[in-house]
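Number of protein chains: 2
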Amino acid sequence: MPEFRQNMVSKEWVIIATERAKRPDQFLQRKEEKTSLPPHRGDCPFCPGNESMTPPSLFSIEKNAAWSLRVVPNKFAALQSHLTTERKHEGRFLKVDGFGIAEVIIETPFHNRTIATMDLEEVKNTVLAYRERYIALSKSKQIDLITVFRNCGEKAGTSLEHPHSQIIATPIVPPHVRDPLYQSQLACDTYGNCIYCELMGEEKRHQVRVVKETKYFLALCPFASRSPFETRIYPKIHRSSFANLSDEEVMDFACVLQDTLKRLFYGLNNPDYNYVIRSAPLEEKDVKYHHWYVVIVPKLTTPAGFEIGTGIYINTTLPEQCAEFLREVRVQ
Amino acid sequence: MPEFRQNMVSKEWVIIATERAKRPDQFLQRKEEKTSLPPHRGDCPFCPGNESMTPPSLFSIEKNAAWSLRVVPNKFAALQSHLTTERKHEGRFLKVDGFGIAEVIIETPFHNRTIATMDLEEVKNTVLAYRERYIALSKSKQIDLITVFRNCGEKAGTSLEHPHSQIIATPIVPPHVRDPLYQSQLACDTYGNCIYCELMGEEKRHQVRVVKETKYFLALCPFASRSPFETRIYPKIHRSSFANLSDEEVMDFACVLQDTLKRLFYGLNNPDYNYVIRSAPLEEKDVKYHHWYVVIVPKLTTPAGFEIGTGIYINTTLPEQCAEFLREVRVQ
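Taken in order, these protein sequences are the chains called A and B. Heads up: the first sequence begins at 1 in my numbering, then just goes up one per residue. Heads up: the second sequence begins at 333 in my numbering, then just goes up one per residue.
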């Protein structure tokens with residue numbers, strides 16, 4: 001029997017369409033060319049030796065007299081850092097100059113790695129760079145929101161093969177971010193607690209959707225997953241901002257992030273995916289009602305007209321089965 | 333210079349990324365196999381002669397002793413009509429049985445047509461069927477929202493080639509639908525008028541984003557288009573529900589819908605697309621603050637992590653240029 005399920009925080013609904021249900025292993029990707037990328041490409045702007053093809057580093061981590069991670073301004077940024085944030089009217093329409101800061105984290109010198117196949121140290125460096133740049137960017141008075149994300153593979157909207165993440169800092173908190181904050185604030189006013197902390201308690205009692213628990217993190221397939229194998233990683237210690245992670249938490253986050261991506265990589269043959277860190281707007285970096293997390297969305301399905309019209313995603317897998325499948329993947 | 337633009341109603345932002353800008357003609361699709369589909373397929377459940385492969389018709393239009401349009405229950409529906417709409421708790425999670433009604437509109441007997449290439453009479457029949465079934469379904473006390481949509485092509489999430497639209501009736505008004513209603517209600521409380529009527533007035537003054545105006549409709553590329561060639565068609569007479577269209581408006585809507593889709597078809601070489609009719613929830617079928625419209629989204633780009641995280645779409649085209657391009661397409 002199909003069912004509607006509600007996201008406890010955002011109040012968005014999904015349909016878990018069991019009549020059309022697919023078993024998790026039906027989402028196995030065919031092996032693709034990208035599994036045989038070369039370790040270095042002469043024409044790749046992110047490969048060692050081609051540093052002049054990018055702007056100079058804003059942050060880097062060195063090892064044996066060479067870089068092992070670089071953060072550079074995004075040369076093809078959708079936003080520019082020399083503009084103003086003044087709201088302007090064009091008739092009754094509202095607009096703002098495209099002010100913003102966009103950076104690229106080049107996660108490793110190796111062209112053919114991805115988070116799932118990197119050395120753990122590289123993943124740790126990546127997460128450390130997220131935090132360092134997040135903190136650096138949050139010092140700008142013009143910035144209201146910092147979004148850290150990773151697009152992996154063509155279906156996930158990237159054309160650059162070399163392993164990288166992105167940070168975009170904007171002078172705007174959009175409704176898509178604000179609306180769940182209203183909801184979590186209302187829940188906090190009502191129940192007195194962070195709704196995400198409650199959600200984790202609930203998931204730990206049920207256990208069925210938990211993929212992995214570490215000292216500081218809980219990875220799970222959400223009750224109201226919008227798509228097959230959607231996975232979220234929540235910090236167990238309440239923190240509204242990603243910037244507030246301790247060093248020990250950063251290291252544990254790197255482990256659980258890599259562990260989750262390995263499960264997807266080996267379990268489903270390297271599916272394309274996006275992930276995004278949902279951290280509080282800068283003004284709410286220390287509030288009781290928001291709790292940062294990362295959402296990982298493998299690109300296995302195509303949203304269509306019904307999703308565009310209603311925001312109700314039709315998911316043909318049971319999140320409980322996806323979690324079970326991921327738990328059973330043998331992680332190397 | 334890039335700019336943020338705000339959707340006047342929903343308050344969502346987009347980035348018009350002019351630095352990465354592509355000219356409209358760079359979105360021309362390569363000619364694909366689907367342009368040479370056969371007019372009839374023996375194994376297609378929607379082709380004439382195969383009526384037994386679908387449930388019996390709920391509505392049909394005949395011509396010369398054969399059907400020219402059929403509406404049938406969706407055999408592979410994500411929702412089922414024999415369930416209840418009672419909200420249930422599973423711990424602190426909320427769910428509802430997957431009650432709903434899903435129907436398919438088989439728009440023509442010809443396997444190889446699409447709205448852009450049909451006889452105008454077939455398009456008129458299609459729109460008439462939308463209205464008839466919308467009205468019929470709205471009589472169910474359990475239904476709160478009716479969504480009419482069309483997925484055209486594989487990138488738009490359909491695997492069935494035969495020209496068809498879908499209707500899904502749900503017992504739920506989701507936040508994605510409710511949130512813009514709050515906004516348009518607030519605008520109406522503030523300014524005293526329907527914000528969509530205001531928007532049309534504004535667009536008619538500017539003219540730059542208008543694609544086509546008919547007696548009853550205005551087709552335009554929105555100021556804050558989320559993706560290249562997004563096009564919306566608004567009725568000029570204020571109506572919150574699609575069901576309230578007069579016969580004359582239905583016929584004019586068929587003309588402007590086909591005209592717009594022809595411009596996309598001939599201008600961009602038959603791109604995949606979704607369209608969806610955004611009609612008011614049934615309880616608000618006659619309100620001052622909502623105004624139904626159709627949004628057409630050609631599938632020319634891939635939303636990625638930034639869009640998932642913020643809901644801010646990065647659009648690499650100017651809506652004004654897209655509208656100009658579409659206006660200049662010679663419609664056969």
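Treat the hints loosely; a few may be bogus.
[Claimed, not checked] Derived list of chain A stretches under chain B, where covered just means 3 residues or more per stretch with a C-beta under 8 Å from a C-beta of chain B: (1) 63 to 69; (2) 112 to 123.
[To be verified] Beyond 10 Å from chain B on every Cβ pair, some chain A residues (computed): (3) P2; (4) F4; (5) C44; (6) P48; (7) D97; (8) R131; (9) P175; (10) H176; (11) V177; (12) G192; (13) V250; (14) M251; (15) K285; (16) G311; (17) V331.
For the record, the hints were derived by calculation from the structure and aren't laboratory data. Beta carbons are placed, not taken as given, at the ideal position from N, Cα and C, and that holds for glycine.
Each hint tested on the structure:
Check result for the stretch 63 to 69 of chain A against chain B: violated, 0 residues qualifying (beta carbon to beta carbon below 8 Å, three or more required). For the stretch 112 to 123 of chain A, the stated coverage by chain B is not satisfied: 0 residues place a CB nearer than 8 Å to a CB of that chain, which falls below the threshold of 3. At roughly 3 Å, the least C-beta separation between P2(A) and chain B is not larger than 10 Å, which violates its mark as non-interface. With a cut of 10 Å on Cβ distances, F4(A) falls inside the contact zone with chain B, its closest approach being about 4 Å.
The beta carbon of C44(A) sits about 20 Å from the closest Cβ of chain B, which is more than 10 Å, so the claim that it is off the interface holds. For P48(A), the requirement that its beta carbon stay farther than 10 Å from each beta carbon of chain B is met, with the minimum near 25 Å. For D97(A), the condition that its CB be more than 10 Å from all CB atoms of chain B is violated, with the nearest at approximately 6 Å. The beta carbon of R131(A) is kept farther than 10 Å from every beta carbon of chain B, the shortest such distance being approximately 17 Å.
With a minimum CB-CB distance of about 5 Å to chain B, P175(A) fails to clear the 10 Å threshold, and the non-interface call is violated. Against chain B, the non-interface label of H176(A) is violated: not every CB pair exceeds 10 Å, the least being about 3 Å. For V177(A), the condition that its CB be more than 10 Å from all CB atoms of chain B is violated, with the nearest at approximately 6 Å. For G192(A), the requirement that its beta carbon stay farther than 10 Å from each beta carbon of chain B is met, with the minimum near 14 Å.
At roughly 20 Å from the closest C-beta of chain B, the C-beta of V250(A) stays outside 10 Å, upholding its exclusion from the interface. At the 10 Å boundary, the C-beta of M251(A) stays outside the reach of chain B, the nearest C-beta of that chain being 23 Å off. Taking the minimum C-beta to C-beta distance to chain B, about 17 Å, the non-interface status of K285(A) holds against the 10 Å cut. With a least beta-carbon separation of about 3 Å from chain B, G311(A) fails to lie farther than 10 Å from that chain, contradicting its non-interface assignment.
With a closest Cβ-Cβ approach of about 24 Å to chain B, V331(A) is found to remain outside the 10 Å limit, as its non-interface label requires.
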